[in-house]
Amino acid sequence: MLDTLTQYEMLCLVGGLIGVYVKLNADVLKLKGRVESLEKSDGEVKEMLTTLLNAVNEVKILLATHGIK
Numbered sequence: 001m002l003d004t005l006t007q008y009e010m011l012c013l014v015g016g017l018i019g020v021y022v023k024l025n026a027d028v029l030k031l032k033g034r035v036e037s038l039e040k041s042d043g044e045v046k047e048m049l050t051t052l053l054n055a056v057n058e059v060k061i062l063l064a065t066h067g068i069k
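Letter 41 of the sequence shown, counting from 1, is numbered 41 in my numbering, and no numbers are missing.
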C-alpha cells in the first residue's frame, strides 16, 4: 500500500491527521473548561440553597415562637 502512495498523498494524509488531532485536542480543552465552570456554578448554587434553607428554618422558628405566645 505504501508503494502506491506518492509523497504528496503521504503529506496530505499526515497533515490531515495532525489537523484532526489539533482540533480534537482543542475541543477537549474547551469541554474541560465548561465542566470546571459548571462545577463552580454548582458549588455556588449549593451554597445559596444552604443559606436559603437556614433562613427558612429561622422563619419557622420565629413563627413557632410567636404562635405559642
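Among the hints, erroneous ones may be present.
Derived DSS-like pairs (lysine-lysine); straight-line CA-CA distance at most 30 Å [stated by the list, open to error]:
1) Lys32 to Lys46
2) Lys40 to Lys30
3) Lys30 to Lys46
4) Lys23 to Lys40
5) Lys60 to Lys46
The set of hints was computed from the structure by calculation and includes no laboratory data.
Check the hint pairing Lys30 with Lys46 against an upper bound of 30 Å on the C-alpha distance. With a Cα-Cα distance of about 25 Å, the restraint between Lys30 and Lys46 holds, given a limit of 30 Å.
If you draw a straight line from the CA of Lys60 to the CA of Lys46, is it 30 Å or shorter? With a Cα-Cα distance of about 21 Å, the restraint between Lys60 and Lys46 holds, given a limit of 30 Å.
Do the alpha carbons of Lys32 and Lys46 lie within 30 Å of each other, as the hint requires? holds (21 Å)
Mind checking the alpha carbons of Lys40 and Lys30 for me, to see if they're no more than 30 Å apart? holds (16 Å)
Below or equal to 30 Å on CA atoms is what counts here, so check Lys23 against Lys40. Distance of about 26 Å is within 30 Å: holds.
The earlier numbered hints are all upheld by this structure, with none contradicted.
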